[in-house]
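Protein chains: 2
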Amino acid sequence: MRQSKLLLNTLREAPAEAETINHQLLLRAGYIRQLAAGVYTYLPLGRRVLRKIESLVREEMDRAGAQEILMPTMQPAELWKESGRYEVYGKELMSFQDRHDREFILGPTHEEVVTSLVRDEITSYRKLPVTLYQIQTKFRDERRPRSGLLRGREFLMKDAYSFDTSWEGLDESYWTMFNAYRRIFSRCDLQFRSVYADSGAIGGEGGSHEFMALADIGEDTIVACTSCDYAANLEQAEALAYSTQEPNLELLPITKFHTPGLRTIDQLKQELQIQPEQVIKTLIYQGGEKIFAVLVRGDHEVNELKVGKYLGVADISLADYESVKQMSGVESGFVGPVGLALTVLVDAAVAALPHGIAGAGQKDYHIRNVVPGRDFELSHIGDFRNVTKGEACLHCGEGRLEFHLGIEIGHVFKLGTKYSEKLGATYLDTSGKSQPMIMGCYGIGISRLLAAVVEQNHDDHGIIWPVALAPYQVHILLMSTKDLVQVELAEALYHQLNELGIETLLDDRDERAGVKFKDSSLIGIPLSVIVGKDAGEGRVEYIERRTNNKENLELSEAISRIEGYIM
Amino acid sequence: MRQSKLLLNTLREAPAEAETINHQLLLRAGYIRQLAAGVYTYLPLGRRVLRKIESLVREEMDRAGAQEILMPTMQPAELWKESGRYEVYGKELMSFQDRHDREFILGPTHEEVVTSLVRDEITSYRKLPVTLYQIQTKFRDERRPRSGLLRGREFLMKDAYSFDTSWEGLDESYWTMFNAYRRIFSRCDLQFRSVYADSGAIGGEGGSHEFMALADIGEDTIVACTSCDYAANLEQAEALAYSTQEPNLELLPITKFHTPGLRTIDQLKQELQIQPEQVIKTLIYQGGEKIFAVLVRGDHEVNELKVGKYLGVADISLADYESVKQMSGVESGFVGPVGLALTVLVDAAVAALPHGIAGAGQKDYHIRNVVPGRDFELSHIGDFRNVTKGEACLHCGEGRLEFHLGIEIGHVFKLGTKYSEKLGATYLDTSGKSQPMIMGCYGIGISRLLAAVVEQNHDDHGIIWPVALAPYQVHILLMSTKDLVQVELAEALYHQLNELGIETLLDDRDERAGVKFKDSSLIGIPLSVIVGKDAGEGRVEYIERRTNNKENLELSEAISRIEGYIM
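Residue numbers (UniProt numbering), protein chains in the order written: chain A, 1 to 567; chain B, 1 to 567.
Think of the hints as simulated: they come from the structure by calculation, not from any bench.
Small disclaimer: the values here were computed from a predicted structure and weren't measured.
Check the hints yourself; a few may be wrong.
Which copy is meant is left open, because identical chains are indistinguishable; a pair holds if it fits in one copy or across any two.
Stated by the list, open to error - 16 Å max Cα-Cα, derived EDC-like pairs, lysine to aspartate or glutamate:
1. Lys-533 / Asp-266
2. Lys-533 / Glu-68
3. Lys-5 / Asp-483
4. Lys-363 / Glu-103
5. Lys-389 / Glu-563
6. Lys-5 / Asp-62
7. Lys-256 / Glu-499
8. Lys-290 / Asp-315
9. Lys-550 / Glu-103
10. Lys-389 / Glu-408
11. Lys-127 / Asp-189
12. Lys-91 / Glu-103
13. Lys-91 / Asp-101
14. Lys-422 / Glu-271
15. Lys-256 / Glu-17
16. Lys-127 / Glu-511
17. Lys-5 / Asp-510
18. Lys-5 / Glu-121
19. Lys-127 / Asp-510
20. Lys-550 / Glu-59
21. Lys-127 / Asp-508
22. Lys-5 / Glu-68
23. Lys-516 / Asp-189
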């Protein structure tokens, strides 16, 4: 492609509303333009990258044995009422009435449509298992669209759905997709982790994994081991278990000491040089119409999801000031476990303390020599805390846990029979008995992936595309369009690279060298070739964008280097 | 692909609502399924064909120098109000409010979006001309969705838009696209004609051509020459001109004769053996607040579009019974041109008659020896009629005109400056003066094309795909899955064809031979290979779907025949 003909405008500055790097660079380098909040047009460069991702995803889906279909965007609202998701999605669902006042929604996902399709098409175990996928535009009315393609209202997804006759079959379909996803993200040169996760609004039974691209702008905290594959969302990460010791009854009895106004761990540390690890924090929670206490170490944080799960309560929160005072008889900051007339959940790290310091249950006093199991009951020991940075990995025992921020780029779910039961997708098993199909669903945000790759692959000058996704593989920069020797050499190179099937952009614009260099770095094509003052000797400058490695080479050498790099 | 794994159900009967062949076959052969009226899911076979059409169209667009982009489906309604099309489209436009009560429409086409995009991206003549295209889902709330994919509410389109600095430039862009369209439809093995046409609701200046696939279910009548390239919609087709003679004043004077109750040409022919070619029909029309008469020969039909154009009136219609009586002084059926106090438009074929028979202007009487130019004025002679079947072609003078019915599959328009002026898409010309861009737009219905190909390519047994669009190129029918010799040979063939990059479907289902043959004919893969009783001798039966030509061949011969056929 000749750049003089290409619809491509680079911008010196990104619009003010672009806060994240990927959003800024994609706008500045002329890949996308905004039409409305969270709604984008892909310009020629952007469309090319998007198509590369589509092809790559399609290849891996086909390799995994999934079959491509194409379902409609318009979905009858009744289907969503049947599945119960019409209410759950609420305002995120875009909907409209057709000319006959029939309500349709613009699909944010296709569980209902695919389940009703398979219900009608497959009636026997003989046609199962099957995995269907599509690459299709989705709609979600985000309350606050942001970060460009990362959280848009119209976006491109690959969604897939598996149908099995057994849970073992679902496992196989699930891990086949899981591995396909790993291949896809690896081929996109992404740094990512797969983490076990809650299913969220999409609902369902069984497990799920999120694939997270590591990035500082991520909205989720991921915990990952430095040594093994283990990774999880912070809420889900399992903390190192401590073994509880028999209480040492030889220890000195509890001693009260004066701590006027010292309500926090920080204050105790500052004023009295008490180590947080020695402190037993007592927090009063409410949830499910109950009030209860949770004990964690002073250097730990309560994980409310874990507490909620232990109690079988969906939604728990810290009790308010008044409730704390009423239930514990003292202001918060001085609550302690000894003599507390509440259910007490004890984190394993607390239970493992030989003795500790705690609130005295009396204003302006703490107590020391508090022995778990001697001074308060250990009826409810468990993992009730967030893991901490640097903590040993529970899974391999070798690595340490690191914290990352991540962007969700893919999600695999075991749905089980949630949709097949609601929508009647059954099959006849080998004995002729009707059974609900066992489903999985699998999503990749194609347009989001594009943004995530840019977020991970850039420097101060612009984007750095991995070869597999680059809009073009080689960028020829013709320094002077008036110098016939340069023009001839550039054209010869352009022609030869095209003949070799190498996608090449030729900057044949009548612009200054500085402009061409700047634009080239911004656009981020992996290799560039400068045709300039050495053209007379048939020499060019070969540059690798990622390393900024530059070499003065003969034309034929440059071509072999290019072939070597991109193959 | 193994058919035992493929999501594919053939149906013995098409659902009652499917009235056209393409709709019936695409449903029966398992290519598509309806989700709602005019809204379809593409099953794996349908998706494959759709992708082939997409690729073919993309290839030809790229070859023509168009650049691919992707614009959003969601378009702010304000844009459509700015262009004035919000009102014009009316109920066909699907629209919805987002969570902030901002109105969006689901794009049926993208003139507004692309014009505002180019307005912002291109400011100088240096970046022009440019042609942009996309392949994207469109929405149109048809009052009566029908014929399956032919007239759906959600459909796939390729739309392209050109931007030029001069009308000559537009001409070049226009004919480049025109020729690309010809290549696309030829590569799809379609029988089609390009016809000059009115622009319709999309509006604009300059000409336009429709590409029509010939088919008995078409909604438009096309006139085409048997010898040259000439083709036009019936409303637009130019009739053969007759040269008007000086009236022969030697002829006998007008004679009145009694025709009681004979009001129509048919009745005159039946009762009095009068040839319609001798009769001068006088029809009273109204339009633009005028009443006027149109004279055509008894064997011709008035073309209201031509009459309207001549008068510069948009909408004309036959006058009602009372108006006719009032204006001509006689009941319709006996109105004649002689002494008529109205403007009289005379079709050239009437003006060329030496003499004719006409209504007498008196109930139950006609007159003969009516000489044009002697007995009524010839102030308004023109082409006011539809052409007739078998008439000589005006353009080559050699061929005759034939009538066809056609399905619109593509449309190229010269839009001119309609949108660029409304939306302010201007550029600075070489002298620094601001000018509106001169636009063209070009559409192909991708999903409609699929339907049109089926409508033209089928027999009583099912679809007959052209090789370029077939979901698979070869269908191997394994007769007995229990016969190990057959299984081995079929697998070997399947493996070899896959190695050669030939897309192959292997019918490895445990079904009777009759079922396999029936399904294979219905699905319509161009070549099939039967692996049956001769497998022991390494022989198979090779069948071409279109000709039903069958040959018993050795495996290697069959493979070379396949390669020869599809290359």
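For each hint, the structure was consulted:
1. Lys-533 / Asp-266: neither (65 Å within a copy, 87 Å between copies)
2. Lys-533 / Glu-68: Neither: 52 Å inside a copy, 35 Å across copies.
3. Lys-5 / Asp-483: Neither: 20 Å inside a copy, 61 Å across copies.
4. Lys-363 / Glu-103: Answer is neither; intra-copy 61 Å and inter-copy 59 Å both fail.
5. Lys-389 / Glu-563: Classified as neither; 44 Å inside a copy, 62 Å across copies.
6. Lys-5 / Asp-62: Only across copies: Lys-5 and Asp-62 sit 13 Å apart there, 36 Å inside one copy, limit 16 Å.
7. Lys-256 / Glu-499: Classified as neither: same-chain Cα gap 86 Å, cross-chain 83 Å, threshold 16 Å.
8. Lys-290 / Asp-315: within (11 Å within a copy, 77 Å between copies)
9. Lys-550 / Glu-103: Neither. Shortest intra-copy (60 Å) and inter-copy (52 Å) distances fail the 16 Å Cα cut-off.
10. Lys-389 / Glu-408: neither (21 Å within a copy, 65 Å between copies)
11. Lys-127 / Asp-189: Neither. Shortest intra-copy (36 Å) and inter-copy (34 Å) distances fail the 16 Å Cα cut-off.
12. Lys-91 / Glu-103: both (15 Å within a copy, 15 Å between copies)
13. Lys-91 / Asp-101: Answer is between; shortest inter-copy Cα gap is 11 Å, intra-copy 19 Å.
14. Lys-422 / Glu-271: Result: close neither inside a copy nor across copies, 61 Å intra and 72 Å inter.
15. Lys-256 / Glu-17: Neither, since 56 Å and 86 Å both go past 16 Å.
16. Lys-127 / Glu-511: between (61 Å within a copy, 13 Å between copies)
17. Lys-5 / Asp-510: within (12 Å within a copy, 57 Å between copies)
18. Lys-5 / Glu-121: between (49 Å within a copy, 13 Å between copies)
19. Lys-127 / Asp-510: Only across copies: Lys-127 and Asp-510 sit 12 Å apart there, 61 Å inside one copy, limit 16 Å.
20. Lys-550 / Glu-59: neither (34 Å within a copy, 35 Å between copies)
21. Lys-127 / Asp-508: For Lys-127 and Asp-508, the Cα distance is within 16 Å only across copies (13 Å; inside one copy 56 Å).
22. Lys-5 / Glu-68: between (35 Å within a copy, 13 Å between copies)
23. Lys-516 / Asp-189: neither (27 Å within a copy, 45 Å between copies)
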